[in-house]
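Residue numbers (the working numbering), protein chains in the order written: chain B, 11 to 478; chain W, 16 to 320; chain C, 1187 to 1489.
Each hint should be verified, as a subset may be incorrect.
[As the list claims (entries may be wrong)] Distance condition first, Cα-Cα at most 25 Å in a straight line; then the derived DMTMM-like pairs of lysine to aspartate or glutamate:
id, chain 1, residue 1, chain 2, residue 2
1, B, LYS43, W, ASP212
2, C, LYS1348, C, ASP1362
3, W, LYS319, C, ASP1211
4, C, LYS1348, C, GLU1359
5, W, LYS113, C, ASP1369
6, C, LYS1469, C, ASP1455
7, W, LYS319, C, GLU1451
8, C, LYS1355, B, ASP331
9, W, LYS319, B, GLU411
10, C, LYS1463, C, ASP1442
11, W, LYS292, B, ASP253
12, C, LYS1463, C, ASP1448
[To be verified] The following label-pair restraints were derived from C-beta to C-beta distances:
id, chain 1, residue 1, chain 2, residue 2, range
13, W, VAL86, B, ILE39, 30 to 36 Å
14, B, SER263, W, GLY158, 48 to 54 Å
15, C, HIS1423, W, ARG197, 49 to 55 Å
16, B, SER152, W, LEU209, 58 to 64 Å
It should be emphasised that the hints constitute simulated quantities derived from the structure, not laboratory data. Backbone N, C-alpha and C fix where the C-beta goes; we use that ideal spot for every residue, glycine too.
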Amino acid sequence: MSKRCEPPATFAPAPEASPLRDRLRSALIGAAKAAGVALGLAFPLLAYRTETDFSNALVLQERWAAVAAIALAAFVVRLICLLIPGRTKAASSPRRRRAEFAAIVARSRRLISAAGLASLIAFPLVVLVLLGPARSLKWIDSYGIQILIYMTLGWGLNIVVGLAGLLDLGYVAFYAVGAYSYALLSTNFGWSFWASLPIAGLLAALWGVALGFPVLRLRGDYLAIVTLAFGEIIRIVLTNWTDLTNGEAGVSSIPRVSFFGLPFIAGPEGFAAHFGLAYSPIYRVIFLFYLALALALLTNFVTLRLRRMPLGRAWEALREDEIACRSLGINTVAVKLAAFALGALVGGLAGAVFAARQGFVSPSSFTFIESATILAIVVLGGAGSQLGVALAALFIIGGSELLRELDWLQHIVGEGFDPTQYRMLIIGFALIVIMNWKPRGLIANRTPSVFLAEPRLAAPALAEEGRV
Amino acid sequence: MEIFLQQLINGVTLGSIYGLIAIGYTMVFGIIGMVNFAHGDIFMLSTFIALILFLALTQILGVSSVALSFVLAMVAAMALTSLWSYMLERLAYRRLRKSFRLAPLISAIGASIFLSNLVYVLQGPRNRPAPSLFDAVIKVTHGGGYDVTLSAKQILIVLVTALLLAAFWVVVQKTPLGRAQRACAQDMRMAALLGIDVDRTISFTFVIGGALAAVAGVLYILYYGVVNSGDGFIPGVKAFTAAVLGGIGSLPGAVVGGLLIGLIETFWAAYISSDYKDVAAFSILAATLVFMPSGLFGRPDVEKV
Amino acid sequence: MRAPHTALLSVEHLTMRFGGVIAIDDLSFTAARGEITALIGPNGAGKTTVFNCVTGFYKPSAGRLALTPSGAAAPEDLLALTQSGRRFSETASGEIYLLERMADFEIAQRGRVARTFQNIRLFAGMTALENLIVAQHNALMAASGPGLWGLFGLPSHRARQKAAIETAKYWLEQIDLIGRADDPAGALPYGAQRRLEIARAMCARPALLCLDEPAAGLNPRESAELAALLRAIRDEHAASILLIEHDMSVVMEISDHIVVLDYGEKIADGAPSAIRKDPKVIKAYLGVDDEDEVDLAASGTRA
Ligand SMILES: Nc1ncnc2c1ncn2[C@@H]1O[C@H](COP(=O)(O)OP(=O)(O)O)[C@@H](O)[C@H]1O
Ligand SMILES: [Mg+2]
Chain B
11 MSKRCEPPAT FAPAPEASPL RDRLRSALIG AAKAAGVALG LAFPLLAYRT ETDFSNALVL
71 QERWAAVAAI ALAAFVVRLI CLLIPGRTKA ASSPRRRRAE FAAIVARSRR LISAAGLASL
131 IAFPLVVLVL LGPARSLKWI DSYGIQILIY MTLGWGLNIV VGLAGLLDLG YVAFYAVGAY
191 SYALLSTNFG WSFWASLPIA GLLAALWGVA LGFPVLRLRG DYLAIVTLAF GEIIRIVLTN
251 WTDLTNGEAG VSSIPRVSFF GLPFIAGPEG FAAHFGLAYS PIYRVIFLFY LALALALLTN
311 FVTLRLRRMP LGRAWEALRE DEIACRSLGI NTVAVKLAAF ALGALVGGLA GAVFAARQGF
371 VSPSSFTFIE SATILAIVVL GGAGSQLGVA LAALFIIGGS ELLRELDWLQ HIVGEGFDPT
431 QYRMLIIGFA LIVIMNWKPR GLIANRTPSV FLAEPRLAAP ALAEEGRV
Chain W
16 MEIFLQQLIN GVTLGSIYGL IAIGYTMVFG IIGMVNFAHG DIFMLSTFIA LILFLALTQI
76 LGVSSVALSF VLAMVAAMAL TSLWSYMLER LAYRRLRKSF RLAPLISAIG ASIFLSNLVY
136 VLQGPRNRPA PSLFDAVIKV THGGGYDVTL SAKQILIVLV TALLLAAFWV VVQKTPLGRA
196 QRACAQDMRM AALLGIDVDR TISFTFVIGG ALAAVAGVLY ILYYGVVNSG DGFIPGVKAF
256 TAAVLGGIGS LPGAVVGGLL IGLIETFWAA YISSDYKDVA AFSILAATLV FMPSGLFGRP
316 DVEKV
Chain C
1187 MRAPHTALLS VEHLTMRFGG VIAIDDLSFT AARGEITALI GPNGAGKTTV FNCVTGFYKP
1247 SAGRLALTPS GAAAPEDLLA LTQSGRRFSE TASGEIYLLE RMADFEIAQR GRVARTFQNI
1307 RLFAGMTALE NLIVAQHNAL MAASGPGLWG LFGLPSHRAR QKAAIETAKY WLEQIDLIGR
1367 ADDPAGALPY GAQRRLEIAR AMCARPALLC LDEPAAGLNP RESAELAALL RAIRDEHAAS
1427 ILLIEHDMSV VMEISDHIVV LDYGEKIADG APSAIRKDPK VIKAYLGVDD EDEVDLAASG
1487 TRA
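Build the full structure now, drawing on both the sequences and the hints.
See below:
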């Protein structure tokens, strides 16, 4: 490296050529190896697609062009990687640039948050004005409300994973408890949404405590696996306890949310009639949007407040070093339980809103994939960062919905091309990439919870090395 | 009694498969202390690889001998699955060894989702039926209007498992790589100081784990006759349960745990409830981790302060 | 000469086994109130293991660890508590805690035992100030009800929070880190991290402070400052100190009482002047080239 930087005058051109040729050769060999590996990986899975014929026996369809493309791509990418010189070790300028960038983000964080909040509040009205009631339904419902629900879930899980550093792989269980609480209370006992909402939250929190108590002593990865097991157990019970839950078919005709008692229906007792408006389903959707927004903001507010309080600091300390916490007299089981219960409470509330939005719940909404999606939101956004989680929810859930819009690609790529299939593929890939390149997530700066002097940011370099 | 005997046979068959997968979990945990969550999906991947190879051999290359195709497909699947397992470690885990505690697990979850959806995208969502092979059935006893049977498949599964475990045992105990592997599992830093190539040893662990998972995959599809891209998850969790039950890090423990889980599952399904048979596995997993985290054969894990 | 002091911590017949290894074998000694008691011995002698038993991170295989923060326990009270199977009791002469029965956090919270670690355990991603405030967790929680009044910004919480910051500031000044209060603890230099860990332990207002090799890796000037700090802690903050240290200059200078361990057994126990002359100690410990020991301590990574 250092030789290369010296002025060329001190070197004759001849010795310069030989290392270059060597380098080219080794790069070509490396690229060939990569292509070989790609071939090996692609060989049966991509080369042949299994299809069932009339007699339900399997036949193979060949896709050799795709295999060749993959191998070629691997070759080219690897070659470029090997030929472009590696980053110099003493790269002080990127670090400084990164610090400057962090400072800019820190200063504008308030601004970003305020702008985000304003656009969230304005979103349904803007969409309504731009697209009219009929076409805006989808945007407010599938995009708006759904993103808000996941944002809430992300913020709820962020308490457990991001702040307390406990990896919970069964978070969807609490979401399910909340959703089924409202579904069953309303369909069996005629409870209203508003009466069921706190019950749904409390039941979920209770589950959180009941499940958390025995397992919170476990080491981190065991805890993760046990929570995964609990999540699956709840899903299987929901599937098989048909008397209560109607099994796989789910609970349907869950009453819609009312405007504090005024139902959103067409008749004279309805919301529209009461306010002298023409009936439209859009009012209900808009109301639900603001309801979900209120819940999300409440979660955010409580979390931000808690971070500046003893409990929240104990969570973060726990994430940094549990043994040190115990040596300071912190009852770590109680502190973990509080995080678990609060996370579960938020999950339960979000579940009730979900049930009210869908009007239908079934076990298939509460699979491990759902837990993994919420985890991806937290991890991608930056464990511990409220803004990051919100943005990640926007990208992941908004992006997933956008994939649905891409079905016109069928005309190009071919029949049977379903872009939504790629959603989890991308999420899985993103999890690997984030852990390897930016383990603290996309927004990695931690704002200290208390200052003696100027508000400053934890140096990003250090925060990156930190633990989730 | 007859039902009991039949379930015993079925349980041992199933347990052999779980045991083979469990070794992959336990070896990786033993050496780098991580739960390789994607191992179940490596297993699922291998069933597809083997299935496709078998079809290619019989349909496209026209190999007429079923046994030959079977063996060839299995060996090739072992090699290709090992490659997947090796690349998984290289690309998704290696950089994370010095990262924070949970980073490898989160990456492994990502890898698990990625692999299962990759197969979903490449091979489609529907169940893939496999050609049925080795259909001979032996009637063992008869009683109470109930035949106790032992199929050729079951014999084959148990035999292949036993053979591979023996071979595996020799590799781990007798070869230099196996010795290096055990040394790293004991104390990675010390092993590195003594000049053992830790990276290579860890890669070797993943390769062996992948090969055994591929055997499990072949036996699985032979036994069940159908596979789906989502099939890595539940068998993966069950095999992990087996590893934990046997004492994670312990190789004999993984095999014993696998047999136990296989037996518990079949007996639970037969006598208690087949709807809840997965609940049994998950409950055992949770209970073992909570009450007996070092399992049957594992070393107790004292938290170093 | 100091006045004779009463026992704060009595270690009696402590034994700790790890599988076949006997790390501590039938060890008895006392740490007196208001004194600095040093625990010395070669690497692997079992010193850290004693700390881990005292602070509840390991359950001893056998033995009794009696802590009496406010006065010496009457023998009959101690006997009664031991036989009752309870963990602590209030007696006429003050509370008695049997540490071997208590959980680690309980020992810190009720017994007011604080410690540092041989390989520093700060909350690396949190600032120095936050580290010191986390140490006051229990006091803060008590003042803010179940910890939730702060959600609504109640004044009692705010007042307590202010007091916590003042305490933290005081200790940051004591350890000369007030200028770096808002820096992440993990970004501080090594010596500063060691001092911060001591300050963090002090913020928990301990009756007994256990320090595991606080001078390891410090330069001579830093070591001298550390000695002064420890003396100040003993004399001005009513905290007794149990000290593991390899740096003999520090140990001999500030200890009131020294216990020497070798292979898990006590080989000497007494005032520094006596220990210095003890032939057994010289053979087992000081006899080894002093420089080597210090080097070993600095580079040792074993817990
Ligand atoms: N968690 C543990 N498991 C097994 N052995 C341990 C453990 N902790 C300490 N030991 C053993 O106890 C002995 C004493 O160690 P330690 O107390 O750390 O010594 P010191 O602090 O005096 O250097 C050593 O032989 C060490 O290996
Ligand atoms: Mg020590």
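Verification of the supplied hints:
For a cut-off of 25 Å, the pair hint linking LYS43(B) to ASP212(W) stands: about 21 Å separates their Cα positions. For the hint linking LYS1348(C) to ASP1362(C), the alpha-carbon distance of about 21 Å falls within 25 Å, and the restraint holds. Of the pairs offered as hints, the one joining LYS319(W) and ASP1211(C) holds, with about 20 Å between alpha carbons and a cut-off of 25 Å not exceeded. Distance hint between LYS1348(C) and GLU1359(C) is fulfilled; the C-alpha atoms sit about 16 Å from each other, no more than 25 Å.
This hinted pair checks out: LYS113(W) and ASP1369(C) have alpha carbons roughly 24 Å apart, not beyond 25 Å. Annotation: proposed proximity of LYS1469(C) to ASP1455(C) holds, straight-line Cα distance about 15 Å (limit 25 Å). Distance hint between LYS319(W) and GLU1451(C) is fulfilled; the C-alpha atoms sit about 21 Å from each other, no more than 25 Å. Annotation: proposed proximity of LYS1355(C) to ASP331(B) holds, straight-line Cα distance about 23 Å (limit 25 Å).
About 47 Å separates the Cα atoms of LYS319(W) and GLU411(B), which puts this hinted pair outside 25 Å; it is violated. For the suggested pair LYS1463(C) and ASP1442(C), the alpha carbons sit about 16 Å apart, so the restraint of at most 25 Å is met. Restraint check: the Cα-Cα separation between LYS292(W) and ASP253(B) comes to about 19 Å, which is no more than 25 Å; the hinted pair holds. Between the alpha carbons of LYS1463(C) and ASP1448(C) the distance comes to roughly 17 Å, so the proposed pair stays at or under 25 Å and holds.
About 34 Å separates the C-beta atoms of VAL86(W) and ILE39(B), a value consistent with the hinted range of 30 to 36 Å. Here the CB-CB span from SER263(B) to GLY158(W) is close to 51 Å, well matched to the stated 48 to 54 Å. A beta carbon spacing of about 51 Å between HIS1423(C) and ARG197(W) agrees with the range 49 to 55 Å that was offered as a hint. Distance hint check for SER152(B) and LEU209(W): the Cβ-Cβ separation is about 60 Å, which falls inside the suggested range of 58 to 64 Å.
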